[in-house]
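**Q** Here is what each chain is made of, one letter per residue.
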Amino acid sequence: MNAATAPAIPDDRTVLRCRDLHRYLGEGENRVHVLKGISLQLERGKIYAISGPSGCGKSTLLYLLGLLDRPDGGEVYLNHKPMSQSSDRERTAARNASLGFVFQFHFLLKEFSALENLMIPMRKKGIYSPAQMESRARQFLEAVGLSDKAHRLTTQLSGGEQQRVALARSLANSPAVILADEPTGNLDVENSNLVCDLLTQLARENDQAVLIVTHNPEIARKCDRVLRMQDGVFLD
Amino acid sequence: MTSNILVALRFLTANKRPMAMSLAGIVFGVGFFIFSQAQTSGFEQFFIKTVLGTNGAIRVQDRIRATFSTMEMEEEKGNGGQGWVIENKENLKYIEGIEHPLEVIAAIKQFDSVTGVSEVLAGTVIVSNNFRSRSGTIYGVDIDRHAAVSDLENQIIFGDMESIRTKSNGILIGSAFARWIQAKIGDFLLVTAKDVNRRFTVAGIFETGVSDIDRERIYAHLSEARSVLQRPHGASFLQVNLKNPLRAREEAEHMMNTIYYHVASWQERERSWLDAFMVLRVSTALTVSTIILLSGLGMFNTLAMLVMEKTREIAILRSMGYTRKDISSIFLWQGGLVLLAGTVSGWALAVFITFGVSQLPFRVTGIFTTDSFVVHWSIWHYVLATLTAAVVVMAASFLPARRAARLEPGEVIRGTAS
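Taken in order, these protein sequences are the chains called A and S. Numbering-wise (our numbering), the first sequence opens with residue 1 and increments by one. Numbering-wise (our numbering), the second sequence opens with residue 1 and increments by one.
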């Protein structure tokens, strides 16, 4: 058991942790015990990777940590606040303020330009003026090397560029935690390395915790902690 | 612009073709709804205006005189020795017309709402000339008093008021009546009633627009009518005009309780016509509403498809902090934006068609006689069309919006990833 999975007493650096998480998926005879008592804590400025075979529960854990799903047992703490039983409104507000997501598929809104896609979470947060939103969005696009394509519709960007826009969007509200589910799973090697390097670099610069679910050992090697998972439990 | 409206607008414009179909349905639905109401209520208003301008807001006529038979009942214990008065309805007496018109006129003039009263003596006569003869109804009036309670002066299409004022044997005849007997200004007509013949001169021809009136009515000086009808006293009815004709029903009730004559408001007199207009208006509104309803179904279909197409986008918006209410509002806004564009364009279409049709030179004859389609401009037609469209569109948007709001982002993303 390493530092990430140890049920340590949370300190000020801990932004997200879970304790004894259980999750079942499916109904009746198809009901599967996917997560079997997972505990984990993530600290600011550190990059974590979860690796393991398909179906071991990596993504399920990520969705629970990202407050996109509710556990059947255990608790998720975001900024030391228990979230499993909180209302949908509280969980939604917490996602907007403290969590950023990057998925295998970019999930950009194709009706909007790259710049506008970055401004969508900022608009919801409601603390930035339109000028501030645009300025921040340009900064993040510049950070991922796409400042010259800010006004292009996302359908006019390549796969790698789309995923970089999605990465920039996850940073838009300066979340404390970024959760990435196979963020390079749909990219070639070159783009995969580029996106991974950007993610780790920007997260370290901004003192953000990053949890990456990946099959890619190259990516796992670049992380501060690697958590190997099998049959719903961590191996280490 | 709020975030939800912006997203709604972009989703909407990305689905141009199906949304354009729904939009077109609403535009035509709203436009034709308003136009049909403008047209049907145009004829209704025309009828009301004509009725008010011809027969006045209120007519005082006839009365039932109570001839009470009183009966002293036997004293009952404890009633203080008072008897009861019982009205025996068999002794009620119906009195046709107004026996003492001047007294009743004086009483009616006490009402603040009354602007004028005209005494009318009416009776059936036979009118003939060298060409043919036909029956009609002669209305003996004081021309100036009657002009004050009607629109007679403006209804004269040939001749003028001065001609009849200056000719004691002058008469005004309806346009359809004049056509029937082929009479023109200055012609002599023989008017016969109860074996009395009198010769009159056509001093004017009027047209009210209501064929029934124009076909049979003749205006003559009251004294001449008395002579023909052999009724030296009394009146058939009193025609009363009000400051606010729309309050005729209430005023009639009030007068009836004061003067004990039967007082009929124009709403009571023309109830069958007004009911027919109402049925026609509701019927056309229901018929035209089907266009809006069909566009609503199209809208429902489009939005339901859109929710299915946009599950990933909905999930990602939820992951970024958009609440269920936000998602619901995005889809409701799409309905709202189509509704807004549809109704505003529908209003414009309605104005265009209504104005265009009202300008068409189209001679209408039959129950009414007009030179063009009569339309009535009313803000309420626009309000009603908008409310109908709003109910249909928002009902069509509600279910897809609710379905979108209920999507679980985790399930959608897991499903997409797998």
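Since the hints were made in silico from the structure, they are not lab data. Take the hints with a grain of salt, since some may be wrong.
Quick look at which bits of chain S chain A covers, simulated, 3 or more residues with Cβ under 8 angstroms [what the hints assert, rightly or not]: (1) 6 to 17; (2) 323 to 336; (3) 355 to 364; (4) 404 to 415.
Glycine included, each C-beta is placed from N, C-alpha and C at the ideal position.
**Q** Evaluate each hint against the coordinates.
**A** Right, here's what the structure says about each hint:
Coverage of the stretch 6 to 17 of chain S by chain A holds in this model, with 6 residues showing a Cβ closer than 8 angstroms to a Cβ of that chain against a need of three. As drawn, the stretch 323 to 336 of chain S meets chain A at 3 residues by the rule of a beta-carbon pair under 8 angstroms; at three or more, the given contact holds. Only when three residues or more bring their CB closer than 8 angstroms to a CB of chain A does the claim for the stretch 355 to 364 of chain S stand; here the count is 0, and the claim is violated. Residues of the stretch 404 to 415 of chain S lying with their CB closer than 8 angstroms to a CB of chain A number 6, which satisfies the three-residue condition for coverage.
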